[in-house]
Amino acid sequence: MSIEDFRADAMRCSRCAYCKWMPLDLMKSWRFSKGCPSIEYGNFHSYSAGGRLITALSLMDGRSTVTDKVRDTVFMCNMCGSCDVSCKICRYDMEPLQAMRELRVKLVEEGHLPAALAKCVESLKTNHNMLGAPKERRGDWAKTLGIKDLSREKAKVVFHAGCRYSFDGEQSGVARTAVAILKKAGVDFGIFGATESCCGGRSYGMGLNDPVKHCAETNLAKWHAAGVETVVTPCADCYYAFKRLYPQVAGSQIKVLHMVELVEQLVRDGQLKLTKPVTMKVTYHDPCHLGRQGEDYVPWNGKEKKIFGQAVCYDPPRPRYNGAFGVYEAPRSLLQSIPGVELVEMERNREAAWCCGAGGGAREAYPKFSQWTAGERIEEAEATGADALVSACPWCEKNFSDSVRHGGHKLKVFDILQLVEQAL
Amino acid sequence: MVANITELTTIIAEDRFLDDPPLLKSFAQDASLVAPLRPRYVTRPETVEQVQALVQWAMRTKTPLVPVSSKGPHRYGDTVPSVAEAVIVDLTGMNAIKRIDRRNRIAVIEPGVTYAELIPALAGEGLKISHPLQPRANKSVVASLLERQPTLIPRLNYSLPEPLRNCGVVWGTGEVAFTGEAGNGPLSLDEQWTRGQSQLAAWGPNATDLMRLVTGAQGTMGIVVWASVKLDLLPVVRKVFTIAAADIAQVTDCVYKLTKVGLGDEVFVLNRARLSQMVEAQAGRRAALAAALPEWTLVVGLSGAALLPQQRLAVQEKELRALAQEFSLTVGEGYPGVSRTDLTAMLDGFCRPDERAHQDIFFLSTLDKVAGHVASVQSVALRYGYPVADMEIYVQPQHQGVSHHVEFRLPYDAADARQAAMMEVVYHTASDKLIEEGAYFSRPYGYWSELVYGRDRNSAEILRTVKGILDPENILNPGKLCF
Amino acid sequence: MEISRDAYRAIEDIVGPEFVTDDPALLDSYAFQYLAELIRPEHSHFMPRPWAVVMPRTTKEVQAVTRLANKYKIKIKPISTGWYHWAAPLKDNEPTLQLDLRRMNRILDFDEKNRFAVVEPYVICAQLQAEVMKHGLNINITGAGSSCSIVASACAYFGAGPSSFSMGNNSDNLLGQEWVTPAGEIVRTGSVSSGAGWFCSEGPGPSVRGITRGYLGSRGGLGTYTKCAIKLADWPGPASLEVKGRPPGYRLPVPENFRVYTIGAPDWDSFAECYYGIYDNTLGYIFHRQFNLAGADLATALWLTYIDPTKTLNDVETAAADPEIKAINEKARISFQLILAAHSSDGIELQDKILDEILTATGCYKVERYCDKDMAEFTNMYLQRMGHKHCNFIWAGGYMGSWMQAGKPDWVKTYVPTAIETFKNDQDSGLLVQCGGDALMGCGSTLAGGGYYGFEQFVSYDPADIKSVKACVKHMEDAVVTCREKGIPYGKEYLYLQVAWPDEAVWNALARAPQTFVFDFQRKIKEAFDPNGLGDRNYPWLPEGWGKSAASAQKE
Ligand code: SF4
Ligand code: SF4
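If you're matching them up, the sequences are chains D, P and S in order. Take any residue in the first sequence, count from 1 to its spot, add 1: that is its number in our numbering. Take any residue in the second sequence, count from 1 to its spot, add 467: that is its number in our numbering. Take any residue in the third sequence, count from 1 to its spot, add 55: that is its number in our numbering.
Don't take every hint at face value.
Claimed, not checked - A partial selection of chain S residues facing chain P, derived with a Cβ cut-off under 7 angstroms:
| id | residue |
| --- | --- |
| 1 | PRO72 |
| 2 | CYS255 |
| 3 | SER399 |
| 4 | ILE409 |
Simulated from the structure, these hints should not be mistaken for laboratory data. Just so it is clear, CB atoms sit at the ideal spot from N, CA and C, and this is done for glycine as well.
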């Protein structure tokens with residue numbers, strides 16, 4: 002794929018600007034009606050998905066060149082996919098999210114990767130993580146936990162903690178919680194500890210093709226060697242990489258579960274009992290990569306065909322990723338099975354969720370934008386009257402925690418597993 | 468320049484230029500406080516061509532023209548010349564009902580057509596027009612709508628000029644052009660009809676809404692030679708209800724809800740003096756009747772037309788009763804001395820000739836402010852010794868209840884110099900006070916024009932620009948509004 | 056084409072440097088506009104590029120930028136949500152500032168009792184509707200859909216939609232405007248100008264709004280509307296739309312006091328009779344012919360596919376060949392959607408009875424499959440929120456609306472067969488989507504209370520395929536010729552095409568209008584309010600004396 006493959010999408014963009022809003026049908030107020038953090042912050046049309054399609058066309062046609070401003074319009078975006086959902090309500094087969102990523106690829110190839118992102122990519126290369134942390138410390142979080150080390154042992158299930166939970170001291174407790182839950186449920190699993198490697202997913206979002214392929218190949222090889230059939234992760238970004246990208250870039254067939262899916266199943270099957278009341282009113286934030294982008298991968302290798310003269314469809318039929326079948330119900334059902342928890346919804350939920358602001362390299366390259374995005378979500382969560390904002394992704398939680406801290410908010414931020422742990 | 472009519476007489480016969488003193492006198496003054504001024508002639512054109520020739524002649528000769536479509540008595544000074552040597556263009560003779568289109572519910576009428584003529588003609592076709600409360604029988608329908616007189620059925624008042632749709636206008640430029648949808652077609656109604664064109668859509672032509680520029684204009688922009696008016700089905704069953712209140716605030720929320728949900732045909736509020744004035748033919752009995760009536764009455768007319776009319780009426784009645792109950796109000800069908808027939812007659816009737824002079828103060832406002840307006844006018848009346856009990860008040864929801872026409876009618880004895888002087892003070896003081904508290908004098912007759920345009924120089928300036936375009940020689944009713 | 060550095064610096068000083076740009080790629084995102092490829096040289100998707108884009112936040116900033124534009128003789132082109140080729144600069148090499156009003160996005164006032172809201176240009180219909188529904192109120196969402204600006208539909212462009220039958224056109228619902236003239240004056244119209252509040256758009260005396268709020272409005276051609284008050288309608292439904300289902304075919308449950316029907320007619324005469332029945336009986340909270348935008352041959356196959364989130368457009372092909380769906384499609388061929396609403400169960404039952412009587416009398420019927428729960432809920436969603444407007448583009452990414460002459464129903468039915476035939480013929484090439492000649496969509500009435508409507512042909516073409524683009528242009532030209540030959544007024548396509556014409560050609564066309572008074576009037580208004588010619592011919596005018604003799608000879 003390259004941006005050229007999306008030329009037709011660009012020409013077919015109706016400039017309707019649905020991509021700027023949450024799905025119009027779902028809109029419940031003025032305050033929380035927007036869908037795209039990028040356009041809300043950047044304002045010029047080029048900061049929207051539709052605008053980027055036009056930028057792509059303009060660049061491809063040689064009408065303009067990449068300036069610093071253009072680079073900002075391309076990279077100051079969370080790759081959250083809200084635009085993609087809204088666009089596809091009517092523009093059924095448009096692929097604005099994919100096109101925006103290909104536009105990034107083009108810019109990266111032409112040497113316009115923002116410096117902050119270049120640093121991440123460098124860290125990925127040298128330290129196999131996105132955080133610039135020394136790779137040796139990756140397994141520290143689990144050192145004392147006595148978990149099977151799959152670089153030496155075998156298990157059908159691998160627990161992949163991901164970069165944030167592995168390295169961020171403030172957050173790695175969640176990884177420990179996760180493994181405690183798995184143990185309690187009697188799951189036979191292991192980890193790679195210090196030899197775990199980044200999923201590569203975030204680099205893909207930043208506009209690079211090679212690192213994710215490399216990560217996929219490395220990780221899959223390790224997993225196969227350890228007899229792994231299922232990978233479980235508490236990180237939405239990793240989940241997306243394993244589930245959607247690995248089959249695409251490396252033909253992966255491994256089963257992928259997010260921790261919420263697994264735990265919800267365990268609770269449903271009675272293997273885990275949530276008995277202790279956790280008296281709390283919570284609202285759940287759908288991570289983009291678990292929610293609307295968390296749909297199953299369907300292999301497709303086809304081409305456009307026309308029916309009824311000019312109607313555009315695909316041969317064979319092309320899978321539609323429009324957020325209809327993301328992972329929405331498992332986390333909600335899990336929360337509702339915790340005694341004492343009252344779940345209230347934010348206006349923008351499920352496929353219409355507002356992004357945390359951490360995606361697409363925005364946290365690293367455009368920290369102010371990223372924090373503003375998180376702040377918007379914090380306000381939305383507060384408007385529900387919830388005591389806590391619960392999510393299922395370390396990147397979301399990090400951005401929210403930072404925002405809560407800087408903004409002096411009272412709202413608590415939890416990973417869903419932390420509440421499960423309290424209820425066990 | 469003294470108007471020289473000879474060059475016109477090939478088009479309008481000389482004998483249609485009348486200057487006999489009693490006639491001129493009758494146009495020199497009306498019932499308002501506007502200063503009298505005698506016109507030079509009264510002329511009665513009969514065709515569009517004649518009106519056009521008249522305007523072109525007036526442009527050449529700089530002769531002021533004052534278009535008048537209704538027979539008197541006039542009330543608001545708009546037909547009294549403001550400058551000397553004016554020619555009254557009396558359009559009452561152009562009174563053809565040119566077309567009634569039952570299927571599309573639209574009629575095209577000339578300016579001289581009166582309510583007394585139009586209403587029965589429409590009834591004959593099973594149609595009706597939403598009209599003002601007890602119009603003068605000889606009131607021109609077109610003039611009434613051009614002046615945005617309030618109409619009785621707020622539900623049908625989709626915009627304030629409704630049911631006025633298109634107009635044929637001889638503009639102050641001497642050109643004839645149609646407004647609205649009709650402005651897109653040939654300059655001939657017959658041709659438009661042959662092509663299947665209706666005169667339904669009020670907007671346009673193009674980016675302009677020419678109709679909006681002749682409404683509220685007191686004949687200062689152009690002379691309307693025909694208009695299309697939107698019609699509704701004539702009810703086959705009908706009931707009129709009354710809801711009594713001691714204080715207008717008690718019915719306010721009910722009126723809001725009625726107009727919000729669009730329940731009812733006629734919806735308006737009268738105080739006891741006004742209700743008594745309208746239903747009691749005998750002047751001598753009115754005070755007693757008024758005293759026996761509740762202070763305020765909300766009148767709601769319900770009807771059924773088209774299919775299942777009886778059932779329609781029954782459902783509406785049920786909904787009305789439920790709605791009134793929400794506000795702890797009781798729905799009645801009149802009072803002792805105000806029978807059902809009286810109420811229906813009130814809705815359908817024409818006003819009686821004035822027995823006494825009266826000064827009217829009317830404006831638009833929102834309903835939540837009306838109680839305050841009433842208190843203000845009453846306090847002014849009290850201050851200057853006007854008997855508050857005589858004050859007739861009428862509140863008419865307009866534009867589906869978003870705005871409200873509020874009307875104070877203050878009868879007095881014009882022959883009594885002391886009373887007349889007092890009335891002038893009351894009128895001015897009350898108007899000043901009202902405008903301060905947000906009353907909108909959207910039809911700024913007489914004194915109000917100074918008041919309104921003095922505060923709204925912006926509109927005045929733009930309207931003068933528009934006037935300069937549409938009436939470059941300033942021949943059409945000069946001296947009115949801000950011109 | 057660069058804006059002078061002095062002018063640019065001055066604009067930066069007014070709005071702040073982050074809210075102005077002249078970066079070519081960013082400007083291109085404004086030059087790219089819907090329909091451009093139909094009229095631009097070499098079918099480019101780009102209209103002329105503005106020389107800078109400016110984002111004012113306040114009326115004062117709009118005024119300051121406008122005054123500056125006068126000083127530097129730069130044209131201004133405001134957009135709110137901004138859609139259509141004429142939203143971009145119309146001419147190449149003409150210095151133009153695009154005013155993107157998206158930062159003016161507040162609901163300034165909401166008066167529940169008096170039923171109006173005051174909004175800035177970037178408030179969209181869906182936002183305001185969501186807010187006012189909490190209070191039992193609604194707004195008339197125009198056919199352009201709920202992603203569009205209220206100010207645009209009320210002040211500056213056509214204002215009708217599916218609910219206009221009951222709620223009126225937004226030109227009727229307009230209660231007052233704030234307008235920054237091209238000369239840089241701030242004008243307010245109606246009661247607000249008198250300091251009395253925003254509740255009335257008429258007067259004092261004649262209504263100033265009359266000089267710009269006509270049929271189409273001035274479409275950004277005569278200054279900038281910075282706020283307006285809009286009348287709100289009754290909403291007898293729930294305080295919040297509790298939407299069900301997965302994208303794209305969201306569903307809105309039908310409350311007990313509502314009914315959602317698709318009504319079919321055996322022929323166009325019966326359609327008209329049914330229309331008159333509905334009109335006389337004042338039925339219909341929403342009255343619209345929506346689903347036929349997909350074409351009468353394919354509509355059922357498309358919509359039944361669309362509401363199933365597991366399907367793709369490929370499934371339409373199979374569905375269209377399915378005899379059962381074909382049969383439904385025939386029933387729905389001449390059909391429209393009707394939503395009834397009442398305040399009581401008696402009320403809604405009575406409406407049902409009346410509707411049944413009308414149907415019996417006219418030979419029309421409810422199309423059962425469309426009235427089933429899934430389709431009814433989808434219909435309810437579609438038409439109440441108008442959040443699926445851009446399904447117009449679903450077939451191939453290109454949609455152009457031709458025809459759309461409005462009038463009384465008896466007249467509309469006379470041009471419908473011609474519109475169908477012309478379109479059908481143009482589909483034969485295979486270069487337009489072959490969905491049947493009747494892809495006629497339109498609201499039940501563009502006027503409040505009904506009685507007046509028109510149909511727009513939804514021509515679907517592929518903007519990424521130059522042959523298809525050309526076929527669309529050919530269709531536009533064919534429609535114009537057909538109208539001319541048959542004495543039908545020109546439709547929308549004629550307006551679209553004119554965007555590309557040189558001034559002289561447009562003026563010649565205007566001069567041929569049966570009545571030219573308004574174009575002379577508009578010239579004078581332009582001279583008065585736009586002395587430096589900052590606005591474009593979206594507010595059209597005729598130069599003094601233009602084509603007078605020739606035109607009078609040619610008048611139709
Ligand atoms: S929603 Fe899709 S079609 Fe519409 S402007 Fe955005 S990218 Fe273009
Ligand atoms: S991915 Fe998210 S931030 Fe980026 S354009 Fe789409 S909605 Fe906006």
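Hint by hint, here is what the structure shows:
1. PRO72: violated (33 angstroms)
2. CYS255: holds (5 angstroms)
3. SER399: holds (5 angstroms)
4. ILE409: Given a least distance of 5 angstroms, the restraint on ILE409(S) holds.
The earlier numbered hint that this structure contradicts is number 1, and it is the only one.
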